[in-house]
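In case you want the letters, here they are:
Number of protein chains: 2
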Amino acid sequence: MFKYRLLTPGPTPVPEDTLLELARPVPHHRTAEARQILADVVEGLRYVFQTRGDVIPLTCSGTGAMEAALIHAVPRGAKALCLVAGKFGERWHQIWRTYGVESVAITAPPGQVVTPAMVETALRQHPDAQAVCVVHCETSTGVKHDLKALGELVAQTDAVLLVDAVSSAGAMELRMDDWHIDFLATGSQKALMLPPGLAFVAVSDKGWRAAQRHQPPAFYFDLKKARDKIREHDTPFTPAHTLLRALRRSLEKIRTEGIEAVWWRHARLAHACRAAVQALGLELFATVPAESLTAVRVPAQLDGQEILRRLEKDYGIKLAGGQDQLKGKILRIAHMGYIDFFDLLAAIAALELVLRDLGFDVPAGRGVAAAQRAFAEFHCSSGSSN
Amino acid sequence: MFKYRLLTPGPTPVPEDTLLELARPVPHHRTAEARQILADVVEGLRYVFQTRGDVIPLTCSGTGAMEAALIHAVPRGAKALCLVAGKFGERWHQIWRTYGVESVAITAPPGQVVTPAMVETALRQHPDAQAVCVVHCETSTGVKHDLKALGELVAQTDAVLLVDAVSSAGAMELRMDDWHIDFLATGSQKALMLPPGLAFVAVSDKGWRAAQRHQPPAFYFDLKKARDKIREHDTPFTPAHTLLRALRRSLEKIRTEGIEAVWWRHARLAHACRAAVQALGLELFATVPAESLTAVRVPAQLDGQEILRRLEKDYGIKLAGGQDQLKGKILRIAHMGYIDFFDLLAAIAALELVLRDLGFDVPAGRGVAAAQRAFAEFHCSSGSSN
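Note that the protein sequences, when read in sequence, are chains A and B.
Just so we're aligned, residue 123 is where the first sequence starts under the working numbering, counting upward by one.
Just so we're aligned, residue 123 is where the second sequence starts under the working numbering, counting upward by one.
Read the hints as simulated data drawn from the structure, not as lab findings.
The structure presented is a predicted model; accordingly, all values stated were derived computationally and were not measured.
Treat the hints with caution; some may be incorrect.
One copy or any two copies: either way a pair holds, since identical chains are not told apart in the list.
Unchecked claim - For lysine-lysine, the following PhoX-like pairs were computed, each having C-alpha atoms within a straight-line distance of at most 25 angstroms: (1) Lys270 <-> Lys201; (2) Lys125 <-> Lys440; (3) Lys347 <-> Lys440; (4) Lys328 <-> Lys346; (5) Lys351 <-> Lys449; (6) Lys209 <-> Lys125.
Model the full structure from these sequences, guided by the hints.
And the structure:
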């Protein structure tokens with residue numbers, strides 16, 4: 123008997139008491155209590171994003187929230203820069219093109235990042251760019267972009283900065299106001315410890331000024347209309363309000379722990395995971411790895427799909443593989459949200475067992491020992507984000 | 123002590139075992155089991171809509187699903203007819219205008235319907251109209267449009283027929299294929315007995331041919347991309363998959379009871395509710411009332427807001443009032459989805475008590491007796507829809 127353990131980079135496990143909230147009877151959505159829940163959720167998300175700006179809950183996936191942000195940032199016919207270091211950067215680039223925006227891709231090979239220097243050059247080459255879009259944690263490859271440096275760069279221009287924080291918000295250091303982020307989008311099913319169904323957009327004053335210059339070519343994703351309702355603790359359309367009620371509970375956990383402690387905990391898990399997989403003789407795929415997940419290169423002699431299959435079937439461990447052209451070539455181990463060190467240790471142990479089962483030469487115990495050592499010693503290391 | 127009873131036209135109560143599904147641990151969303159759930163849900167919805175066409179689950183509200191349908195039906199610059207008999211008809215008219223469609227409103231005063239004859243005239247006046255949009259059950263006023271007759275009219279033209287079935291699907295007789303409906307949208311939080319968070323669009327072959335003629339001006343709501351994924355039992359973006367799993371359970375209930383029996387049950391509840399409120403001396407607001415809810419005119423000498431407040435505070439009964447210009451002027455009693463006759467009887471009893479508390483002259487027991495009589499005698503009446 124092995125328990126089922128979900129360590130995929132979304133959906134992620136949901137705390138048991140949050141799940142029980144979802145089983146409570148359905149209330150009406152236009153009541154004083156519903157307004158209070160919405161107000162609490164918005165306050166909780168402001169804290170997670172470290173912003174004093176507007177936060178708008180939407181009933182959709184993270185892609186819907188990013189689409190809402192993208193169509194408010196610039197009008198049809200405008201030019202924008204899009205950092206593309208994987209599947210999600212590519213998606214935002216496509217969305218802009220769908221809406222007639224001239225999106226200029228600044229591309230990094232899979233596993234690598236787009237550097238601030240590359241963006242600086244692009245901003246010089248395209249002084250008419252009205253927006254820059256970046257994925258904080260590129261979930262498809264496990265890389266992390268340097269938001270702080272990018273924020274400083276873009277703040278010196280008239281362009282707005284859009285950030286996909288879908289798999290970073292609530293896990294990785296993220297300071298929307300201090301880092302000059304204008305549009306930030308995330309989803310409910312990653313580090314916010316909720317099932318999928320909700321997504322959120324936060325907008326800065328500079329972001330709203332950009333949005334004021336044109337009418338959004340959409341109705342459901344009209345953020346200005348939503349903002350005016352949210353400020354009165356209401357929503358323009360029926361929200362997934364039982365998910366909002368449950369989210370309040372998950373957000374309370376983050377508030378109680380403290381957001382910097384949450385970031386530090388994720389950095390510690392990432393540190394342990396990286397040490398463990400390297401001790402197993404595997405290579406990290408990301409040159410600048412994120413704290414939400416660790417992407418690992420599958421050794422040439424092994425079949426990545428078979429590793430995943432055995433992890434799940436033999437040991438109850440659900441990891442993710444690569445997507446599209448990375449299928450079979452990488453494994454992705456999530457350590458965000460409601461995944462603790464002992465869950466991670468279980469995943470490392472299972473990976474070690476599967477590698478041995480497949481004839482990969484690794485001494486039993488090397489991975490878990492390395493994880494344990496890295497975890498134990500992290501508190502005195504300088505790898506912390508605060 | 124009075125229990126809390128929700129009789130609003132969305133959100134509606136959710137069966138206890140469906141709620142418990144929502145409390146189950148979160149699985150991954152790209153697995154054989156998740157594909158089976160999606161396939162079962164699509165099959166279940168096909169049955170509810172009575173169609174053999176594609177059904178596409180979306181993570182959004184009913185408005186999002188209607189927007190998706192509207193932008194696929196006609197391109198920017200085209201002309202469309204929109205039946206407006208209340209708030210929701212007005213909303214679809216607005217969405218089309220947001221997208222540069224010349225939407226011609228065919229309007230009925232609040233409480234009345236747009237008749238097939240009015241639509242026939244409009245189709246003659248606007249032979250270039252490429253689409254006709256109608257709300258089956260206009261939730262804001264409680265009226266029902268004659269979809270069968272409208273379907274026959276529109277089928278004789280090249281225009282496509284779009285139907286907002288948000289508060290009718292799963293409650294009122296609805297035969298997508300037989301009635302020549304091309305786009306049908308609904309949400310999860312009405313008669314489908316689920317919390318809000320999911321919505322659905324069904325599309326006919328004629329609908330797809332119309333959609334093929336232009337690119338939809340959207341990404342998240344791109345139904346053609348979604349259709350290709352759904353046919354492989356997959357979704358383009360992370361769906362609210364725990365809601366899908368729970369929906370399967372609610373759909374099983376409908377399948378077990380049989381869709382015609384479900385329609386008949388709702389017609390019976392509507393019949394009992396109408397008889398009861400009229401016995402209380404109140405007037406029906408809708409000239410052609412729907413089976414999902416009953417809208418009742420508030421007597422001039424009473425305050426509708428106060429009635430609602432007392433119903434909830436004194437007796438635990440949550441009804442809805444009027445929206446916008448109908449606020450305080452009507453009460454809306456829902457009897458759709460997971461609301462049974464005894465819930466309705468409780469609502470009638472509470473309404474009777476509140477009316478008496480407010481000094482409205484009504485003999486105690488008249489409303490509940492009328493409801494009971496109408497309910498008991500309905501099986502031999504001809505009011506059934508089948």
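Hint check results:
no. : hint              : in the structure
1   : Lys270 <-> Lys201 : within (23 angstroms within a copy, 49 angstroms between copies)
2   : Lys125 <-> Lys440 : within (11 angstroms within a copy, 42 angstroms between copies)
3   : Lys347 <-> Lys440 : neither (40 angstroms within a copy, 28 angstroms between copies)
4   : Lys328 <-> Lys346 : within (14 angstroms within a copy, 35 angstroms between copies)
5   : Lys351 <-> Lys449 : between (43 angstroms within a copy, 18 angstroms between copies)
6   : Lys209 <-> Lys125 : neither (31 angstroms within a copy, 50 angstroms between copies)
When held up to the earlier numbered hints, the structure conflicts with 3 and 6 and fits the remainder.
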